[in-house]
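Engineer: Chain by chain, the residues:
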Amino acid sequence: MTELDDLIKHLSMLPSVGPKSASRIAFFLVGSQKGFNESLSRLIGEIKEKVFPCPICGSYSETSPCPICSDPGRDQSLLCIVEQPQDVLTIQSIGAYNGLFHVLGGTLNPLEGIGADKLNIRSLVERVEKGSFKEIIFATNPTEEGDTTALYIKRLLERKGDFIFSRLASGIPIGGDLGFASRNTLMRSLRGRTTF
Amino acid sequence: MRFLCVGIKDFRNLKTDVIETDFDQVVLHGRNGQGKTSFLEALYTLCYGASFRTENPKDMVCHGKEGFQLWSLIQDSAGFQRKIQLSVVGSKRSLSIDSRPVYDRKDLIFLLPCIIFSYDDIMIIRGEPDQRRDFFDRMLLTLDMEYLDDLRVYKKTLKQRNALLKQEKPDMDLFVVYDMKLAQSGSRLMKSRAAAIETFSKGFSELYGTIADDKRKIEIVYRPSWNCLDEDEIRSVLESSLQRDLYLSTTTTGIHRDRIIINDQDGLFINTASTGQMRLASLCLRSAQAQYFKTKTGLDPVMLLDDVLLELDSGKRALFLDKLNLKGQAFYTFLPEEKYFSGKKEGRCYYEVEDGSLKRMENGSQV
Numbered sequence: 001m002t003e004l005d006d007l008i009k010h011l012s013m014l015p016s017v018g019p020k021s022a023s024r025i026a027f028f029l030v031g032s033q034k035g036f037n038e039s040l041s042r043l044i045g046e047i048k049e050k051v052f053p054c055p056i057c058g059s060y061s062e063t064s065p066c067p068i069c070s071d072p073g074r075d076q077s078l079l080c081i082v083e084q085p086q087d088v089l090t091i092q093s094i095g096a097y098n099g100l101f102h103v104l105g106g107t108l109n110p111l112e113g114i115g116a117d118k119l120n121i122r123s124l125v126e127r128v129e130k131g132s133f134k135e136i137i138f139a140t141n142p143t144e145e146g147d148t149t150a151l152y153i154k155r156l157l158e159r160k161g162d163f164i165f166s167r168l169a170s171g172i173p174i175g176g177d178l179g180f181a182s183r184n185t186l187m188r189s190l191r192g193r194t195t196f
Numbered sequence: 197m198r199f200l201c202v203g204i205k206d207f208r209n210l211k212t213d214v215i216e217t218d219f220d221q222v223v224l225h226g227r228n229g230q231g232k233t234s235f236l237e238a239l240y241t242l243c244y245g246a247s248f249r250t251e252n253p254k255d256m257v258c259h260g261k262e263g264f265q266l267w268s269l270i271q272d273s274a275g276f277q278r279k280i281q282l283s284v285v286g287s288k289r290s291l292s293i294d295s296r297p298v299y300d301r302k303d304l305i306f307l308l309p310c311i312i313f314s315y316d317d318i319m320i321i322r323g324e325p326d327q328r329r330d331f332f333d334r335m336l337l338t339l340d341m342e343y344l345d346d347l348r349v350y351k352k353t354l355k356q357r358n359a360l361l362k363q364e365k366p367d368m369d370l371f372v373v374y375d376m377k378l379a380q381s382g383s384r385l386m387k388s389r390a391a392a393i394e395t396f397s398k399g400f401s402e403l404y405g406t407i408a409d410d411k412r413k414i415e416i417v418y419r420p421s422w423n424c425l426d427e428d429e430i431r432s433v434l435e436s437s438l439q440r441d442l443y444l445s446t447t448t449t450g451i452h453r454d455r456i457i458i459n460d461q462d463g464l465f466i467n468t469a470s471t472g473q474m475r476l477a478s479l480c481l482r483s484a485q486a487q488y489f490k491t492k493t494g495l496d497p498v499m500l501l502d503d504v505l506l507e508l509d510s511g512k513r514a515l516f517l518d519k520l521n522l523k524g525q526a527f528y529t530f531l532p533e534e535k536y537f538s539g540k541k542e543g544r545c546y547y548e549v550e551d552g553s554l555k556r557m558e559n560g561s562q563v
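Respectively, the protein sequence lines represent chains A and B. Under this note's numbering, the first residue of the first sequence carries the number 1, and numbering increases by one thereafter. Under this note's numbering, the first residue of the second sequence carries the number 197, and numbering increases by one thereafter.
Hints are computed from structural coordinates only; laboratory data are not their basis. A couple of the hints might just be wrong.
[Claimed, not checked] No more than 27 Å apart at the CA atoms, straight line, and that leaves these computed lysine-lysine pairs for DSSO-like:
1. B:Lys302 to B:Lys362
2. B:Lys355 to A:Lys9
3. B:Lys398 to A:Lys20
4. A:Lys9 to B:Lys261
5. B:Lys387 to B:Lys355
6. B:Lys365 to A:Lys118
7. B:Lys490 to B:Lys387
8. B:Lys492 to B:Lys519
9. A:Lys9 to B:Lys288
10. A:Lys118 to B:Lys362
11. B:Lys512 to B:Lys523
12. B:Lys352 to A:Lys118
13. A:Lys130 to A:Lys118
14. A:Lys118 to B:Lys355
15. A:Lys20 to B:Lys288
16. B:Lys398 to B:Lys523
17. B:Lys205 to B:Lys519
18. A:Lys130 to A:Lys160
19. A:Lys20 to B:Lys254
20. B:Lys541 to B:Lys492
21. A:Lys154 to B:Lys365
In this text the structure is predicted, and so the values were computed from the model without any measurement.
Start from the sequences, fold in the hints, and give me the full structure.
Structural biologist: Here is the structure:
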């Protein structure tokens, strides 16, 4: 195997990168400007040392605790539970949420051997016990596993106090047209309709 | 609703070709093993994104090829021309409607519903209970998006629950969540099955009585595994059977254990029926399915009839086709010596199928 083949093989292991994209990236790197590859490889090499999970919420951070957990200006009564660290960035980017986060690191999936012990669930329960949360927002994905995990955690937290539990709404997108909505989206929207 | 033309590449033993199909009746003649059923399978696969013969798309790939492609111009229920494209390469299936990718087969199955009459349908009558459950599930999910959604949730939850049952130290709290989900989706599915089977049974019984010349009155009876519809009661049933489920490492109650029985006045129909009567009953099941579909939607599904008139005498054949009351598009396959349809008729087209090639014939009698 040549060096180039080896590079393509490694790149194609990245998420959403197939062999064709990996090959394109590899050839780009071969012809890139001087210094770019060195800079990129240094950043990749140091990323795991400089970015690590926050000991409180599990989101990736360069400080311990992360800037969100250590910000006293945030609403300490709101806790949003997400599956992955990148979900924190997504919700943060809309600028409409000012509470705290907790990253589970995945969803319950017995078929793949993922139980509660492999997710940040124990730390969540301890955090909720000690914290001053009033509302728990489930922002797990609207999949079977996401729903199951939310229901499971709700059941655990119900024993710990009197919280308001909420779930992200799902359905017709803002500015969308009913005619263009998929049947499934429309059906879910009808099932999850709210009073008006 | 109809297929206007169909394109095929590397599918089973069929030769790469574009077949004109814009006719009310398309009649395929040919010896066994030439590709008649494969052509119907291609049509079915375009309608539902999956085959009626195999669960593994790789089985449909022509020997020595890496994948297959199917496409079709169709006319939908509103009269608009649409284009369906399906390709399978390795284990990857790509589907598009009007050149837009479709990621869930759900978006396809309501576009051009079809009903396949197959020689193996007799297994719905005399086979294991799961074959009758599967028949009704497939029928209902083409009519009701909620049924399809609930069935998916139920099956997925059941798999996860069974995986949890097999663990050495299962998380008991997780059973409560899975039971809740099974009860919720299962209860809705039970209600749909019960209502559909009650209506369906009447139509089926009438059809069989008329066509079979059999004085027995047959009916379809639904025997659900759970004897309650209330979600809380279902959860109690699941909870009380948990120890047994843990011992057996499988979920022993639920809609996946429902029984759908075909009875005559003396008991099980299959205990006394001849093979001919069972085959006729299976034809009546499909016909009743078409009638049920028409009643619920007002639409005529595309009918795919694969060698099914073979065992009917001429009187029963005429009666069967009369009762089937075909108003939509229909595809028939016949052996060369079967001249059920011959001669020119407006809206009818004949193809001779030989070695995977479909050759248009001017007149069926030339075959």
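Engineer: Next step is simple, just say for each hint if it's right about the structure.
Structural biologist: Against the structure, the hints come out as follows:
no.	hint	verdict
1	B:Lys302 to B:Lys362	violated (31 Å)
2	B:Lys355 to A:Lys9	violated (34 Å)
3	B:Lys398 to A:Lys20	violated (57 Å)
4	A:Lys9 to B:Lys261	holds (25 Å)
5	B:Lys387 to B:Lys355	holds (22 Å)
6	B:Lys365 to A:Lys118	holds (14 Å)
7	B:Lys490 to B:Lys387	holds (21 Å)
8	B:Lys492 to B:Lys519	holds (18 Å)
9	A:Lys9 to B:Lys288	holds (20 Å)
10	A:Lys118 to B:Lys362	holds (18 Å)
11	B:Lys512 to B:Lys523	holds (20 Å)
12	B:Lys352 to A:Lys118	holds (21 Å)
13	A:Lys130 to A:Lys118	holds (22 Å)
14	A:Lys118 to B:Lys355	holds (20 Å)
15	A:Lys20 to B:Lys288	holds (16 Å)
16	B:Lys398 to B:Lys523	holds (22 Å)
17	B:Lys205 to B:Lys519	violated (36 Å)
18	A:Lys130 to A:Lys160	holds (10 Å)
19	A:Lys20 to B:Lys254	holds (23 Å)
20	B:Lys541 to B:Lys492	violated (31 Å)
21	A:Lys154 to B:Lys365	holds (22 Å)
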